[in-house]
Amino acid sequence: MKYAIYVSLGFLVAFECAHAQPTPVAGGEQKESLLGKLHLEPKYFQPTQENREGGLGFTYKVDETVATPTGKVELPNNAYRMSKLEFKAEGTVAFKSSINPADFLKTSFEYNYEYSKAGVVTIGAPGSGCDPKDPKTAEACRKEALRSRTGEGFRVNVGATASFESDQKFDKRNKTYGAQSTIVYRPAPDSFANQWNPLDWPFRVLRRASNHPLGFDPSPDAFPKLRLALERVNPDKDTDREAILGKKDDYNRVNMEVAMSSPVATLEGKQVKFEWSWRYFKELSPNSAIHAASLDRFRYSALSFRLDSGWRLTYATGRLPLNRQDQAAWELGYQLKFD
Amino acid sequence: MAELRDSNQADVSVFMFLTTNGQSIRPFSSSNGVKGMGPQPMQELVYFNSAATKDMLKQNAALMAHMLIAFINTYYTQQREKAYEKKTTPDLVAELVTLMIVPDKTVSDLAKKADDIFRYASEESAAVPLADVANNVQPSPSTNKKLNKLGIK
Numbered sequence: 001m002k003y004a005i006y007v008s009l010g011f012l013v014a015f016e017c018a019h020a021q022p023t024p025v026a027g028g029e030q031k032e033s034l035l036g037k038l039h040l041e042p043k044y045f046q047p048t049q050e051n052r053e054g055g056l057g058f059t060y061k062v063d064e065t066v067a068t069p070t071g072k073v074e075l076p077n078n079a080y081r082m083s084k085l086e087f088k089a090e091g092t093v094a095f096k097s098s099i100n101p102a103d104f105l106k107t108s109f110e111y112n113y114e115y116s117k118a119g120v121v122t123i124g125a126p127g128s129g130c131d132p133k134d135p136k137t138a139e140a141c142r143k144e145a146l147r148s149r150t151g152e153g154f155r156v157n158v159g160a161t162a163s164f165e166s167d168q169k170f171d172k173r174n175k176t177y178g179a180q181s182t183i184v185y186r187p188a189p190d191s192f193a194n195q196w197n198p199l200d201w202p203f204r205v206l207r208r209a210s211n212h213p214l215g216f217d218p219s220p221d222a223f224p225k226l227r228l229a230l231e232r233v234n235p236d237k238d239t240d241r242e243a244i245l246g247k248k249d250d251y252n253r254v255n256m257e258v259a260m261s262s263p264v265a266t267l268e269g270k271q272v273k274f275e276w277s278w279r280y281f282k283e284l285s286p287n288s289a290i291h292a293a294s295l296d297r298f299r300y301s302a303l304s305f306r307l308d309s310g311w312r313l314t315y316a317t318g319r320l321p322l323n324r325q326d327q328a329a330w331e332l333g334y335q336l337k338f339d
Numbered sequence: 001m002a003e004l005r006d007s008n009q010a011d012v013s014v015f016m017f018l019t020t021n022g023q024s025i026r027p028f029s030s031s032n033g034v035k036g037m038g039p040q041p042m043q044e045l046v047y048f049n050s051a052a053t054k055d056m057l058k059q060n061a062a063l064m065a066h067m068l069i070a071f072i073n074t075y076y077t078q079q080r081e082k083a084y085e086k087k088t089t090p091d092l093v094a095e096l097v098t099l100m101i102v103p104d105k106t107v108s109d110l111a112k113k114a115d116d117i118f119r120y121a122s123e124e125s126a127a128v129p130l131a132d133v134a135n136n137v138q139p140s141p142s143t144n145k146k147l148n149k150l151g152i153k
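Same order as they appear, the protein sequences are chains A and B.
Here the numbering used here is used: the first residue of the first sequence is 1, the next is one more, and so on.
Here the numbering used here is used: the first residue of the second sequence is 1, the next is one more, and so on.
Wrong hints could be hidden among the right ones.
[Unchecked claim] Here are the computed lysine to aspartate or glutamate pairs in the EDC-like style, where the Cα-Cα straight-line distance is at most 16 Å:
| hint | chain 1 | residue 1 | chain 2 | residue 2 |
| --- | --- | --- | --- | --- |
| 1 | A | K61 | B | D104 |
| 2 | A | K133 | B | E123 |
| 3 | B | K54 | A | E90 |
| 4 | B | K105 | A | E41 |
| 5 | B | K54 | A | E86 |
| 6 | B | K54 | A | E64 |
| 7 | B | K54 | A | D134 |
| 8 | A | K72 | B | D104 |
| 9 | A | K117 | B | D104 |
| 10 | A | K117 | A | E86 |
| 11 | A | K133 | B | D115 |
| 12 | A | K84 | B | D115 |
These are computed hints drawn from the structure, not numbers from a lab.
My request is simple: use the sequences and hints to build the entire structure.
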């Protein structure tokens with residue numbers, strides 16, 4: 001298996017589609033077309049090995065709630081539950097497909113039930129020096145919030161999903177059906193879960209060393225978020241699998257994503273933050289020939305460091321389903337805004 | 001780039017929420033070459049994980065949006081502007097999320113949206129009695145059952 005190292009040097013440009021201007025309607029509500037909710041991010045990839053040329057590309061994402069059939073129910077203690085039908089699409093496209101490090105497009109419909117509960121950090125206690133309505137007391141409020149045992153948030157999203165997957169040339173295509181669950185938990189600042197989250201310990205040390213306002217205190221954002229999916233995959237067109245098996249066969253697959261983010265340090269008074277996502281796809285009970293060809297499991301990891309109003313350094317490695325070669329990509333750039 | 005104003009409680013509420021929840025270390029407004037929180041884009045707030053899938057980012061943003069609403073309800077106001085008087089919390093979360101997952105939307109944009117939704121104490125815009133909001137809250141089936149047992153329909 002060959003590994004290609006990519007360096008993307010240049011500008012990463014993020015903008016909303018030109019159609020994103022909302023159309024005013026009566027009652028102060030605003031509607032946007034589906035196209036208006038499409039987010040595009042142009043990219044440039046430059047391989048550094050094998051004398052390969054770089055090229056332009058982009059990522060796209062759209063996520064829209066189509067219907068909420070069973071209504072929305074407000075519950076006590078800042079909680080609610082609801083169910084909804086959603087349309088989602090996302091992927092990465094390179095104008096030269098061979099240099100695409102994440103050659104995996106996915107379009108899906110999901111019917112999901114969700115429950116959300118929001119806590120509030122305790123601030124403004126007598127003697128704390130914090131007045132929530134006076135921004136001049138923000139530092140006292142921030143310090144008081146760090147000692148708060150309230151302020152945790154919890155959200156779970158469970159549902160059925162049907163999707164269409166392909167590489168960008170549509171040479172390989174899958175239909176999938178299954179179930180997914182996403183769990184997001186944000187512990188209260190002074191809770192056990194926040195204080196003893198091992199993923200944040202390296203960043204706590206770095207924050208302390210760089211005089212970040214959080215110091216050695218933990219960041220609730222560093223608590224890992226989890227998405228799990230069990231899918232039945234129907235390979236519509238996958239020449240690699242067909243060549244090995246001599247036929248198209250359905251199979252079951254488990255997908256998982258773990259993600260977290262955390263402030264890392266301060267650099268000249270500006271915050272540097274860390275972002276990480278790890279994705280894993282595993283075929284259940286694969287044929288031995290599929291296993292031998294390493295087509296039964298795919299891992300993809302992306303991490304980035306981002307300086308407030310400055311650079312962003314991203315490293316992505318591994319491969320996604322339908323991408324047959326492990327690849328690694330470095331991206332360094334600035335985010336520009338076009339209005 | 002729009003700065004936050006301390007005369008606007010919507011600006012103050014969003015700034016306080018982001019500060020006390022560890023999302024940004026920027027000061028309230030720009031001074032001495034240090035940038036204020038108003039022009040800061042969403043992608044620089046800590047919850048915004050651009051390495052994650054859109055699904056994951058959206059769920060995380062939705063939780064933060066729900067926490068922002070609870071924070072404003074607790075420390076600032078529970079009253080809504082007229083255009084939002086019939087909206088449920090999930091409706092408001094959905095509106096905030098569409099803004100909070102856009103990388104280059106700013107904290108000022110978020111504060112403006114909060115100002116559009118909530119009627120803060122200093123404002124004289126459309127008054128919405130809290131009872132109106134409560135009237136539109138759908139009790140859960142289990143609550144309905146208990147109310148029925150008490151003879152309340």
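Here is how each hint holds up against the structure:
1. Distance hint between K61 (chain A) and D104 (chain B) is fulfilled; the C-alpha atoms sit about 15 Å from each other, no more than 16 Å.
2. The suggested pairing of K133 (chain A) with E123 (chain B) holds, with an alpha-carbon distance near 14 Å, which does not exceed 16 Å.
3. Of the supplied pair hints, the one linking K54 (chain B) and E90 (chain A) holds, its CA atoms being roughly 7 Å apart against a limit of 16 Å.
4. In summary, the hint linking K105 (chain B) to E41 (chain A) is supported, as the alpha carbons are separated by about 14 Å, within the 16 Å threshold.
5. Our distance criterion of 16 Å between C-alpha atoms is met by K54 (chain B) and E86 (chain A), whose separation comes to about 13 Å.
6. For the suggested pair K54 (chain B) and E64 (chain A), the alpha carbons sit about 11 Å apart, so the restraint of at most 16 Å is met.
7. For a cut-off of 16 Å, the pair hint linking K54 (chain B) to D134 (chain A) is broken: about 35 Å separates their Cα positions.
8. For the suggested pair K72 (chain A) and D104 (chain B), the alpha carbons sit about 30 Å apart, so the restraint of at most 16 Å is broken.
9. The hinted pair formed by K117 (chain A) and D104 (chain B) fails the criterion: a straight-line CA distance of about 27 Å is larger than 16 Å.
10. Taken as a hint, the K117 (chain A) and E86 (chain A) pair is broken in the structure, with Cα atoms around 21 Å apart against an allowance of 16 Å.
11. Annotation: proposed proximity of K133 (chain A) to D115 (chain B) holds, straight-line Cα distance about 15 Å (limit 16 Å).
12. For the hint linking K84 (chain A) to D115 (chain B), the alpha-carbon distance of about 27 Å lies beyond 16 Å, and the restraint is violated.
Checked against the numbered hints above, the structure breaks hints 7, 8, 9, 10, 12 and satisfies the rest.
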